[in-house]
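Quick mapping for you: the protein sequence lines, in order, are chains A and B. Going by numbering that gives the first Met the number 0, the first sequence runs without a break in its numbering and finishes at 197. Going by numbering that gives the first Met the number 0, the second sequence runs without a break in its numbering and finishes at 82.
One or more of the hints may lead you astray.
If you want the footprint, here are the derived chain A segments under chain B, 3+ residues with CB under 8 Å [as the list claims (entries may be wrong)]: (1) 3–14; (2) 19–30; (3) 127–134; (4) 171–181.
These are computed hints drawn from the structure, not numbers from a lab. Note that beta-carbon positions come from the ideal geometry of N, C-alpha and C, so glycine has one too.
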Amino acid sequence: MSVSDEILVRKSQQGDYLSFEELVKRYEQKIYNLAYRIMGNKEDASDVLQETLLQALRKLPSFKGKAKFSTWLYRIAVNSCLMRKRKQKKMDIVSLDVPILTKKEDEIKRDLGDDWSKSPLATLENEEVKKTLSNAIDSLPEEYRTVFLLRGLDGLSNQEVAKVLKISLSAVKSRLHRARLFLREKLSQYFREYRSRA
Amino acid sequence: MIDFKKLCELLSDYFDEELESDICADIDELVSEDFGCKVLFNTFNRTVELCREMEAEEIEVPEEVHIRLHEFLKIKIRKREEI
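Starting from the given sequences, assemble the full structure and let the hints guide the process.
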């Protein structure tokens with residue numbers, strides 16, 4: 000049976016390097032994945048990974064264990080990504096006017112189109128679909144994308160994402176839902192265009 | 000009573016299994032009766048599935064990054080111990 004994070008954290012706080020290294024081994028892949036998806040390239044993802052774990056090492060003595068270690072660590076990672084993005088001046092201006100994200104129900108109904116869900120093309124093995132989805136995720140406003148990506152990380156629940164980002168549960172649910180509607184719309188657009196090409 | 004508008008609001012909760020069973024049953028009934036609702040329901044479901052498949056694809060930490068990271072942290076810890 001593996002040792003819990005709590006025990007490893009306590010031992011690390013007492014100066015046991017091997018315990019800290021075990022925590023690093025547990026989370027480096029997850030942090031790298033999250034950072035890669037937020038930042039969009041390997042160089043920034045590597046830098047964020049290093050920054051996150053260095054900050055964790057520095058702040059570990061003052062970690063009280065009120066939140067789960069993973070939640071605390073993901074928060075450091077997300078903040079590191081967002082700081083880096085701001086520095087790079089690539090931060091999207093988050094606007095509630097992003098058209099598809101604020102679509103009304105009647106507009107969604109009008110644009111429904113075909114049911115492409117059972118199409119043999121609706122798979123990630125279809126490179127066009129994979130690219131469409133990937134580009135759509137990248138084009139989400141930052142606050143939606145961060146919620147969406149965290150939700151996909153390590154099976155984090157809505158409540159855990161709310162804790163990582165220090166926002167309300169209803170804000171998490173709303174952003175996740177709008178993000179998914181946006182992605183569905185982008186995929187529907189792809190299938191409409193595909194049909195018109197055929 | 001659930002209609003198209005309500006369905007739009009509830010889809011995420013439905014697929015995240017965060018709805019009461021009676022509301023799920025109402026949604027299932029609506030979807031079986033209304034073509035527009037069925038299209039939205041199915042395509043939303045497939046979108047969530049595709050997202051989950053994509054999220055499951057791990058991006059490996061490059062070996063050189065892994066080695067550099069552990070060496071870097073070892074140095075930092077050693078320096079801290081010396082203080």
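Going through the hints against the structure:
1. 3–14: Since three or more residues must qualify, the claim that chain B covers the stretch 3–14 of chain A is violated, with 1 doing so at under 8 Å.
2. 19–30: Per the Cβ count (5), the hint holds.
3. 127–134: As far as the stretch 127–134 of chain A goes, the hint holds, because 4 residues have Cβ atoms under 8 Å from chain B.
4. 171–181: That given contact holds, which follows from 5 residues of the stretch 171–181 of chain A lying within Cβ reach (below 8 Å) of chain B.
Checked against the numbered hints given earlier, the structure breaks only hint 1 and satisfies all the rest.
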